[in-house]
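Chains D and U, in that order, give the protein sequences. So in the numbering used here, the last spot in the first sequence is 120, and the numbers never skip. So in the numbering used here, the last spot in the second sequence is 1534, and the numbers never skip.
Bear in mind the hints are in silico, worked out from the structure with no lab data behind them. Each residue gets a CB set at the ideal place from its N, CA and C atoms; glycine is no exception. Where hints are given, some of them may not hold.
Below, a sample of chain D positions facing chain U; criterion: calculated Cβ distance under 10 Å [stated by the list, open to error]: (1) P11; (2) Y36; (3) L46; (4) E55; (5) I58; (6) F105; (7) R116.
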Amino acid sequence: NAGVMQNPRHLVRRRGQEARLRCSPMKGHSHVYWYRQLPEEGLKFMVYLQKENIIDESGMPKERFSAEFPKEGPSILRIQQVVRGDSAAYFCASSPDPGQGFSGELFFGEGSRLTVL
Amino acid sequence: AQKVTQAQTEISVVEKEDVTLDCVYETRDTTYYLFWYKQPPSGELVFLIRRNSFDEQNEISGRYSWNFQKSTSSFNFTITASQVVDSAVYFCALTADTGKLIFGQGTTLQVKP
Chain D
4 NAGVMQNPRH LVRRRGQEAR LRCSPMKGHS HVYWYRQLPE EGLKFMVYLQ
54 KENIIDESGM PKERFSAEFP KEGPSILRIQ QVVRGDSAAY FCASSPDPGQ
104 GFSGELFFGE GSRLTVL
Chain U
1422 AQKVTQAQTE ISVVEKEDVT LDCVYETRDT TYYLFWYKQP PSGELVFLIR
1472 RNSFDEQNEI SGRYSWNFQK STSSFNFTIT ASQVVDSAVY FCALTADTGK
1522 LIFGQGTTLQ VKP
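With the rest of the complex left out, here is chain U (with noise of 0.2 Å):
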């Protein structure tokens, strides 16, 4: 079975602060892929990265970077710099074959000014 953990419900950081989200995952399949999204407060999805199992290469991109470890089933983002705007719920998600997401329960990031 497939499943997703985000461990941390809640996480409340200044301004400026760097922030990592973590996402551990379990799966049996060796193709498959990965997902994060942000859910802001207005409430739709905003898709941030998809990255499939075979390209474990770390990703940048502005303040965001997420690190791809298969040895350790996770797939951590971390925020640089963190901006009151970044404040939202962050999604992982992981699918094996289809558009089924198993989604994790979701981190609220709160950013205080």
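Bound conformation, chain D alone (with noise of 0.2 Å):
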């Protein structure tokens, strides 16, 4: 009964370099959410995504950022040309299919700790 399972858990990069954050969902979910979290700082909402489908980007940043979630495979969330301000933890967190509606049930990831020299 696995969790929802996040990888790498620490990633170093050097400016300019990329960076490739996954996550795998809980069992039966479909639904998967990216957060960041700053030094010293809340966690901010990045990405909502389903299968093959974004739904919610507003909290991603313009430039450098993207993210899938494909029909096979784990979530994906890439960082291109990584600057220092790039370091931070990055959360993911699942839940099952709204359906009729949300029903609370949300779980995150342990975090990806994203260094960048």
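From these two lone chains plus the hints, build me the complex, please.
Next comes the structure, spelled out in structure tokens:
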């Protein structure tokens, strides 16, 4: 009964490199959310996806950031040409299909910590 | 627009003291969910409680209790007889209809032996 799995847990990149963070939702969950937590701050919503579809990307930076949740495999948050300001913890959460309405059931992974040198 | 305010940035108490963490929220939705999470120094998010807007009953779980008052838009969290292991950052969060949570800025609780 695995929970939300994120990898890598820690990632170090140099400025200008690409970072890819993966999230496998809980079994039976088809909706994924990505959040970012900058140092000493709270979590901020980035993007909400279901399989093969971006539902809400209102929190995503306009450039260099992208997210996908393919039909097969984990959701991926991709950051191109990383800068020092991208250093943060990135959390993924998953929920079942809201169907008739959100039930409040939401589970977070342990986070991926990106450090940009 | 939705908003969550945790006015207490940092709280320091001595072990065995009771401590209350405040959370005030704003929303125009009639149906919504409120959450509390604990983030220990190790960094993961630990789910503590979820409450929907139709359930104003207070909840107690061991040393933890929550006081939900719609009249004042507050969802406060009390730890009774605090312990050093309670030291962490605590987040209150709100959502209306999806997993898109609005988080407060967090309250850092330090419990000294």
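Structure-based check of all given hints:
A distance limit of 10 Å between C-beta atoms decides the matter here; for D/P11 the minimum to chain U is near 14 Å, and the interface restraint is violated. Among the interface hints, the one on D/Y36 holds; its C-beta lies about 5 Å from the nearest C-beta in chain U, closer than the 10 Å criterion. About 5 Å separates the beta-carbon of D/L46 from the nearest beta-carbon of chain U, less than 10 Å, and the hint is met. The interface hint given for D/E55 is violated, since its Cβ lies 18 Å from the closest Cβ of chain U, which is over the 10 Å cut-off.
Annotation: D/I58 was flagged as interfacial toward chain U, and the flag holds, the nearest CB pair being 8 Å apart, inside 10 Å. With a least beta-carbon distance of about 5 Å to chain U, the hint placing D/F105 at the interface is held under the 10 Å criterion. The beta carbon of D/R116 is positioned within 10 Å of a beta carbon in chain U (closest approach about 7 Å), and the interface hint is therefore held.
In summary, the structure is inconsistent with hints 1 and 4 from the numbered list given earlier, while agreeing with the others.
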